[in-house]
Structure formats: C-alpha cells, structure tokens
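Enquirer: These protein sequences, in sequence, are chains A and B. Going by this note's numbering, the residue at position 27 of the first sequence is 177; the numbering climbs one at a time, nothing skipped. Going by this note's numbering, the residue at position 150 of the second sequence is 151; the numbering climbs one at a time, nothing skipped.
No wet-lab data here; the hints were simulated from the structure. Computed from a prediction, not measured in an experiment: that's the story for all the values here. Note that beta-carbon positions come from the ideal geometry of N, C-alpha and C, so glycine has one too. Heads up, a few of these hints could be off.
Unchecked claim - Pairs of lysine-lysine residues, derived as DSBU-like cross-links and limited to a Cα-Cα distance of at most 35 Å, are as follows: (1) A:K420 with B:K113; (2) A:K422 with B:K113; (3) B:K113 with A:K332.
What the hints assert, rightly or not - Incomplete in silico selection of chain A near chain B, CB under 10 Å: (4) N444; (5) L447; (6) N460; (7) W485; (8) Q487; (9) R499.
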Amino acid sequence: MELIVIGLNHKTAPIEIRERLAFPEEGIEKALSQIKSVPSLKENMILSTCNRVEIYAAARETEKAMLDLKDFLCQYHSLPLKEFEKNLYFLKGEEAVRHIFRVASSLDSMVVGEPQILGQIKSAYNIATDAKTSGLILHRLLHRAFHVAKRVRTETKIGNSAVSVSFVAVELAKKIFGTLEKRTVLLIGAGEMCELAARDLVSGGIEKVIVTNRTYERAVALAQEFRGEPIRFEEIYRGLRMVDIVISATNSPQYLLHHEEVAKVIKDRKQKPIFFIDIADPRDVEPEVGDIENVYLYNIDDLQKVANDNIHDREKEARKAEAIVKDEVAKFVNWYQSLEVTPMIIALRKKFEEIRNKELAKTLSIHPNFSEKERQSLEALTSSIINKILHDPLTLLKQKNEEAMADLYLDALCALFGLLVKSSEIPNKENDKDD
Amino acid sequence: MNIYFFKFASLFYLLGVLAYSVYIIFLKESLSKLAMTIVSIGFASHTLAILTRYAEAGYTPVTNLYESLSFFAWMIIGVLLIANLKYKVKVLGSFLTPIALILMLFAFALPKEILPLAPVLKSFWHPFHVIFAFLGNAVFTLTFCCGIMYLIQEHQLKSKRMGAITKRLPPLKVLDDLNYQSLTFGFPLLTLGIITGAIWAEYAWGRYWNWDPKETWSLITWLLYAALLHQRLTVGWRGKKAAIMAIVGFMAALFTFLGVNLILSGLHTYSNW
C-alpha cells in the first residue's frame, strides 16, 4: 500500500486545461465511487479548486494505480490523454505526503498564505468521507494535514499581510478610517480596473459607491452594478466633497485632479481626510495632491511596492513553514512505516509461538509424568528462549529506520522465515496517540 | 504601611510595562490581557497606598511632590483602565504605563514622610483643586499619547511605508476621535481645577488670582487647550494639527505641574518638597 497524488495545478497547467479537468462539486461523489471500483486503489479523494485538480489515493499497486487514474481522468472528462499528460504530476510515498501538507498549509498556492485552500481541502475530505472512499490512511493523512496547516498559521506570520494591490488598498483605507462602514467611494472611470479595485472595498464594508465617467452612460451602468449613484464628469469636484475614498483609473493622458482644487475641497470638507487610489497609467492625480494635509495619495506603484514588501515577508515566513512541514512529514512517515512493521512483528511472533507450542506438546506427550512445577518451568524456559532470540531483531524493526533499510529488513525477514503478510492485516484502528 | 503598597504598586507597574512591551512586539491578545491584569493589580495596590496614607496623615495626600507624583500616576493608570473598557486601543497601555512608571520612580526618590499639614493647605477647596487638576492632566496624558501615535502613523502613511509600525498603531480615525473625546473630558476638568484653585487662593491669600508663575502657566495651558477645542469645532482642525496641539498643550501642562516648581518660584513652591 502506498500513498499517491496525481494532479495538476496553476504551475503546471494553464487555466484552459485546469478548467476542463475540474470536477463540478455535485459530481465529485460519483467520481469518487467510480475510482473506488478500480482494483488497484483502496482509498481516494478529489480536490478540485480553480487552481488545482488533484486525486489523493492509497494504492495497492502504485504503478498500476497511476495508469488507472490517468485513464479515469481521460474517460471522466472525455479528453485524450495527450492533451494534458504533460501537465500532470505524480507523487508517491513521502513526496506525496509532503505535497499534501504543503497544499493544506497554502505553501503551494498561487498566492502563498491565502486562507481559502484549507477550507477547500476540508470540504473535499468531507465529501470523500461521506462517500466512504477515504479510509485509515487518508483519514490519518488529512487530519495531520489540518494539524500542519494550523501549526503553520499559528507559528508563522504567513497569512498576516495583504499581498494583492486591491487588498493593500483595503488595508490602507482601514488604517486611515478605522472601518469602511459608512464610508463612500468615488470611482473615476468606469473601466474594469476601477470595478475590480472597488469590488474588494465594497466587500470590505463600503456603504456607498458613486461613479463618474466621461461617457455618462457607462457611469450609469457601473453604478447600477454597485447599486450606487452616477454623477456627470463635470461634477467631479462636487463628488470629491461627498466621499472618503477615490479610485481613479481613466485613460486620460493628463492629470484630472490638481493640487489647488483638491486643497480647496479639503478645506470645504473641514479637513475630513480623503484617500486617493490612483491606479491609472498615466496617472490621473497630480502627485502634489499627496502633499495636502489629510490627503493620502497612493498610485499603482506605491500599492505594488507595499504588496511586494508583504510578499517578501511571506517568503521569509514560508521558509519557517517549510521546516514545520518537514518535521510533520517525518512524523507521518514513521507512523506509516509502523503500519507495515506491526503486522510483521505479529506474524513473526506467531510463527515462533506456534513452533514453541508444537515442540512443547511433543515433549510433554513423551513425558506424561512431569509434575505441574516441571511443566511450568519448561514453559518458562521455552518462552524465555524465544523472547531472547527475538529481542534484537524486534528492537531493530521498531527503531525509526530509514525507509530503504526498513524495507530491506522486512523483505529479509519474510524470505528467511517464510512469512506472508497481507495488506488486509493492517490494523483498522488509528491508534497513534499524538493526534 | 502606605509606602509598602506604593512599592508593591510600582513593582506591578514595572511588570506591566514589561508585559506591554512584549505585547507590542508579538501582538498576542493574551499578552495584552495579562498586562492589563498586572496593571490592574498595581492600580488596586496603589489605591490602597493612597487610602492608607489618607488614614495615616488625616488629610488628602496631595500636599508634597512625592504625593502629587504618585497621585498623578494613579490617575493616569485609572484613565488607562477606563479607556481600555471603552475603546479597543490595546497599545495605549504600552504608552501610558511607562509614563506612570516614570512618575512612580521619580516619586520613589523623594522624601516620603508624613509631615504636619502647612496651614495654607488646610482648606476645604485644596483637595478639590488638586484632584480636578490632576484628573485633567491624566486625561491630557492620554490625549498626548494619541497625538504622538497619530504623528507616527500619519508619517508612515504619508511616506507610504506600511510595515511593522503601521500594523501596531491604531487607525488615524480612531486616534483622532480619541484626541477629541479626551479633550472634551480633560478641558472641563482643567477648567474646574483652575476655578477651585482660584477659590482656594481667595481663602489662602485673600485674592482669587495672584499671577504667580503657576497660575500664569496654568492659564497658558488652558488657553492652548481652549484654542484646540475651538479650532476643532469651528474650522475643523483635526488630524496632524490637533495632534501637534495636544502635544504642545501637554508640554505646557507638564511645565505647569513640574517645571514651575523646579525652575521658577512663586506662591505654590513652598507647598512642595
């Protein structure tokens, strides 16, 4: 039995491919049971988000399982393999564990540290649990993955700062105004840039959106989308008197807002602050506007710089997180190996015990007149011999060996003592106590 | 007895300063709660120190510099505890607790014996005068800290730096609101302090106003805060200007309290040391 991951993500596949391989949420349960019916696989779950499509599985035969999963993806999505084969990655064993831990901790995300991925994995796991396609190994693996994600979140500052331009703008607005509630924003320009930037502010709690644009009709259309108010372009300075935040993104070749006029507006507003977000290129707001008291002016480069600083901080934190992942992978691999070692120990003991019982019975049948005391000391003698013989090999097996060595020992034992351990003998209950 | 409580309180303020310093580095919620608890214990002990001194001396213990400094520190911590209940500005403790601690240490170095009350201080009005004046000053200490924080935060945002400092300081709006609200509490208290002081002066020296340095400086302080309040309400002074004014006002208040006694001399001087 081996853990495997097959999938593709934003690093290996373009959006066109990811879209076509994505599993719609309502179809996942059916897909899971389809995979389960494949004999080479024992447990499985599907993680399908906009940035990645991955199948996590416990395979009976690794090589076969990989091929079967590829076939499954082709059939399920009715896509020829050659269209996406080069985008796929396969991971097994320790690498698979590391990958899943990194995904859950958001170290493998497009925006490192973004918090959504953990929720997505949790719901993917819940679907698999409901469909009964996850078993001992995936249960354990996913619970450890959640634990790792939690450790990363509490022990590093990976999710602490805004790394996209529009979120930096939201954070800045909050540092100026406290909350965004009861705040009004003026959008200058009705293009996509403005809309996108405004969307994050609105979901941050902005109360009202006012839109102005050279073509009034487009202002009306965008205002409708935000249930806001359109105003004519000539009224731009009247608009400034009413709002707290201004997002400007027009194609105007010259500055639209000038120092003198804005200074007058601020005076009329009794010094109530305004936060200008100038994301136009070339700029819409004269840079000198930023010198006015109670005016905060950030252009796209300023915002990008803050975002980059934050990304840099995150990278530093990500290194700490990788160390946590490494530590946890080692723990998991140990547990996983103990699954293989334990049945071997049981089988070995059983075999020795059988030999002892057989030989003991023989001896006792030859000497029927042994007293109870003599019988007992014979029992004690034989069992002590077995324990002494088994002591060293068992200690060696129970030690945390390197994977290659552990496999070597296990193989040797099987061959030397003619043991046969079936995977079905792997204990069914999770009995590791550090969870 | 009162000295033991005083020392105990000082020790806890010191621990509180340490806890608040660790809090401002790591920003762990539990640390701010711990710091708050420590400071509250210090405050309780400090309250006992003042009550027992009152019982031992038989008069309100605000008659010499040791007592005044201790009383001032006590009020600052009191203002901090109230502000913490009302506003969620946890870093305030990181600013106010060290100020209180410095006052305590300063007081610590001064003679602490209970002396017979000077005749001029035996007045019904004297304790009121001192309590109002110090309560006003304690509130202005908060205004001052908000002003300092505002200037730092504003500078960070204007210079487009958004790093560790920005994250630790409250939003500008919150600081500016606190500036205004503390002003509306502090100003009437200061006014009452000056009025009760004038009434006391009438009893003590037979004149409401003597133009001694302390009186002059308290008038200057009052005028500064009055100007700030007036400008805020009429032309909308806020933000940076209000912050600077709060700092200037506090400097004047501090000079009225300490500078006048230590540097200049006048009617008030003998009542200290």
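Enquirer: State for each hint whether it applies.
Expert: Outcome of the hint check:
In summary, the hint linking K420 of chain A to K113 of chain B is not supported, as the alpha carbons are separated by about 51 Å, beyond the 35 Å threshold. Between K422 of chain A and K113 of chain B the alpha-carbon distance is near 50 Å, which puts this suggested pair outside the 35 Å criterion. Of the pairs offered as hints, the one joining K113 of chain B and K332 of chain A is violated, with about 54 Å between alpha carbons and a cut-off of 35 Å exceeded. For N444 of chain A, the suggested interface contact is upheld, since its CB lies about 5 Å from the closest CB of chain B, less than 10 Å.
Look at L447 of chain A: its Cβ gets to within about 9 Å of chain B, closer than 10 Å, so that hint holds up. Residue-level restraint check for N460 of chain A holds (minimum Cβ-Cβ distance to chain B is 8 Å; threshold 10 Å). The interface hint given for W485 of chain A is violated, since its Cβ lies 32 Å from the closest Cβ of chain B, which is over the 10 Å cut-off. Contact between Q487 of chain A and chain B, as hinted, is not supported at the beta carbon level, the nearest pair being about 37 Å apart and thus beyond 10 Å.
Hint status for R499 of chain A: violated, given a least beta-carbon distance of 50 Å to chain B, over 10 Å.
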